[in-house]
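Going by this note's numbering, 275 is the number at position 212 of the sequence shown; the sequence numbering is gapless.
Source of the hints: derived by calculation from the structure; they are not laboratory data. Treat the hints with care, as some may be off.
The calculated lysine to any residue pairs, modelled on SDA-like cross-linking and capped at a C-alpha distance of 20 Å, are [as the list claims (entries may be wrong)]:
| id | residue 1 | residue 2 |
| --- | --- | --- |
| 1 | K406 | G298 |
| 2 | K365 | S317 |
| 3 | K272 | T333 |
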Amino acid sequence: MAPSYAGLEVVPNPPPSPTSPLPVPIAGPVVSCAIGGVVGGVVGVVKHKHKSVQLKASPGSNISDPVPTTKPTPFSPVYKQSDLGNGIGGYDLASTADRSFAFDYDHSGKLDHIVLYRPGSGAIFIVKNYNGTFAPVYSQGSGGEGIGGYDLMSPNDRAFAFDYEHSGKLDYIAFYRGGGGTIWIIGNNNGSFFPVYSGDDGIGGYDLKSTRDRAFAFDNDHSGKLDYIAVYRPGTGTFWILGNNNGNFTPVYSQGDPGLGIGGCDLLSTKDSAFAFDYDHSGKMDHIVIYRPGKGSVWIVKHDGNIFRSAYQQWSPRDGIGGFDLTDSNDSAFTVDYDGTGKQDSLVFYRPGSGIIRILNNNNGTFVPVYGKDDSGTGIGGYDLKSTMDLGYALDYKQSGQLDHIALYRPGAGIFYIVGRL
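Let's have the full structure, built from the sequences with the hints guiding it.
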């Protein structure tokens, strides 16, 4: 029986040409009418939401299953402040130290607010999207008092959103100070911020005594909740994962300094970076991506029983992932919900200063570019990615529960874009 294509638009194939995205020559008739019972060859291209598919029919049969095409859907800006811009929501982005990430401010389960902060100055804003106009719901300018008692007065301060209550919501902020041992976790009660954890000797046995220390939220037990803290020290093989029991943090995985890394990745380069990822399209950020800019190396590791094993690996020196070679020391990456499924199961790799960006989808361990395959160096959605300062992350711009937009910004220049698929 032929599959149902109710509500889809059938677009006729173009005449065969060397630039046509469809196979040529085309064997069989080309139609632009009702689907079903057509004999032979490619019938047409169906467009539905963000995807395009070819429809094929075999002799004497109905239409077969869709075969994905490779033509990407363009991105466009839904918010932009160009060069010498004014930042966003009153935050000027005038310092090269500025950093930003998405946050669930109102406990909605949606990462639809933006945190912007300036390590070493006490400045932090949280801004909300009011139908495309951004305004602060919390603000402390330079010389300010930080947030929830955390002063943000060290240039080494870093932060990320965290699920402290195991609620499935990233509605707490973890602040840490690599090299100083300080880490606080801040909660929010209707705009009043307060610490639920504060310490100056690290956390869960991890001392946070190196300025290279980095941390992120992780789903260690496949629960769908980012309620563990992964913390690591690039260049030493050190990687810990900490669980939280009512504010008591303990290691569920630990490799000291020096250590053996995790899942086959030795973490012996000071350039190593890591983040959580939904590898198997489960809606759970229960894999860890570790990549080594400048060397072409990338690993994706999974918690499998009592061990971490590799689900994907390219050792140094290798060819990167999905055609992105990872041979530049500026290469960076994050996850995004490219298909609008509510799952962060696509990878964004980009090269600040070059304009190169690729978005990769995972097909049973084979990563395929769905955007940026030509490496044209033109950036994305009007954002040129021509500065080595450029940074990005996924954002729920439409307050839909889907991290299907990309926030891109240039610290020190006031530039901030939010781009989405047309």
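Outcome of the hint check:
About 31 Å separates the Cα atoms of K406 and G298, which puts this hinted pair outside 20 Å; it is violated. Our distance criterion of 20 Å between C-alpha atoms is met by K365 and S317, whose separation comes to about 15 Å. For the hint linking K272 to T333, the alpha-carbon distance of about 15 Å falls within 20 Å, and the restraint holds.
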